[in-house]
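S.K.: What follows is the residue order along each chain.
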Amino acid sequence: GDSVTQMEGPVTLSEEAFLTINCTYTATGYPSLFWYVQYPGEGLQLLLKATKADDKGSNKGFEATYRKETTSFHLEKGSVQVSDSAVYFCALSLQGAQKLVFGQGTRLTINP
Amino acid sequence: SQTIHQWPATLVQPVGSPLSLECTVEGTSNPNLYWYRQAAGRGLQLLFYSVGIGQISSEVPQNLSASRPQDRQFILSSKKLLLSDSGFYLCAWSVVAGGGNTEAFFGQGTRLTVV
Chain A
2 GDSVTQMEGP
12 VTLSEEAFLT
22 INCTYTATGY
32 PSLFWYVQYP
42 GEGLQLLLKA
52 TKADDKGSNK
62 GFEATYRKET
72 TSFHLEKGSV
82 QVSDSAVYFC
92 ALSLQGAQKL
102 VFGQGTRLTI
112 NP
Chain B
32 SQTIHQWPAT
42 LVQPVGSPLS
52 LECTVEGTSN
62 PNLYWYRQAA
72 GRGLQLLFYS
82 VGIGQISSEV
92 PQNLSASRPQ
102 DRQFILSSKK
112 LLLSDSGFYL
122 CAWSVVAGGG
132 NTEAFFGQGT
142 RLTVV
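Keeping their order, the protein sequence lines are chains A and B.
Using our numbering, read the first sequence as starting at 2 and increasing by one per residue.
Using our numbering, read the second sequence as starting at 32 and increasing by one per residue.
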């Protein structure tokens with residue numbers, strides 16, 4: 002079935018470090034791909050998305066490129082801040098499907 | 032613009048008591064609606080989703096139920112809470128975005144502690 006696999010957490014980095022959170026997917030069709038962020042005690046917010054191969058989603062300094070050949074959508078940021086500490090979820094949706102499929106989430110902690 | 036309201040924000044309930052969590056969406060019609068649960072330090076578990084009034088799909092067997100009495104209202108209920116029902120409950124709605132794929136938007140969540 003359709004699934005999303007994320008990098009195991011937790012991830013702890015120092016401020017201004019480079020961030021990569023890996024995400025790979027398995028899907029029968031051509032999914033749209035998403036990254037959601039969950040700050041402590043809050044719901045999920047859409048961070049960025051890409052709807053077709055080679056698209057790059059970007060927001061708040063984060064980027065992710067839809068790589069069909071490697072079925073990946075890795076999240077990157079060049080210089081993280083303490084305020085980026087959160088749980089990050091990778092997700093996909095398929096055309097005509099009613100549900101999103103989420104990865105298990107990766108907890109990120111940035112130390113000053 | 033569309034907004035989603037979920038309440039209460041926090042709830043402490045004794046074992047065996049009933050539960051009712053409510054979620055409403057504004058600014059859109061005929062949304063798909065979802066209830067997720069997030070146990071402490073864990074990922075998201077889809078509990079129920081609904082594609083229309085009175086239409087509920089259950090993803091996992093449990094002592095919870097869901098209802099959709101109005102187009103933009105989604106209610107999560109239990110007749111008797113268990114300790115294992117503790118968690119963070121998230122309501123979400125979705126639209127079919129460009130390309131025919133679903134894009135979801137979440138409420139702020141309800142922290143339920145069963146004691």
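A couple of the hints might just be wrong.
To be verified - The calculated lysine-lysine pairs, modelled on DSSO-like cross-linking and capped at a C-alpha distance of 30 Å, are:
(1) A:K69 x A:K57
(2) A:K61 x A:K78
(3) A:K100 x B:K110
(4) A:K78 x A:K100
(5) A:K78 x A:K57
(6) B:K111 x A:K100
Please keep in mind that the hints were generated in silico from the structure rather than gathered at the bench.
S.K.: Hint by hint, say whether it matches the structure.
M.R.: Right, here's what the structure says about each hint:
Between the alpha carbons of K69 of chain A and K57 of chain A the distance comes to roughly 12 Å, so the proposed pair stays at or under 30 Å and holds. At roughly 9 Å between alpha-carbon atoms, K61 of chain A and K78 of chain A fall within 30 Å of each other, so this suggested pair holds. For a cut-off of 30 Å, the pair hint linking K100 of chain A to K110 of chain B stands: about 27 Å separates their Cα positions. Of the pairs offered as hints, the one joining K78 of chain A and K100 of chain A holds, with about 28 Å between alpha carbons and a cut-off of 30 Å not exceeded.
With a C-alpha separation of about 13 Å, the suggested pairing of K78 of chain A with K57 of chain A holds against the 30 Å cut-off. Restraint check: the Cα-Cα separation between K111 of chain B and K100 of chain A comes to about 28 Å, which is no more than 30 Å; the hinted pair holds.
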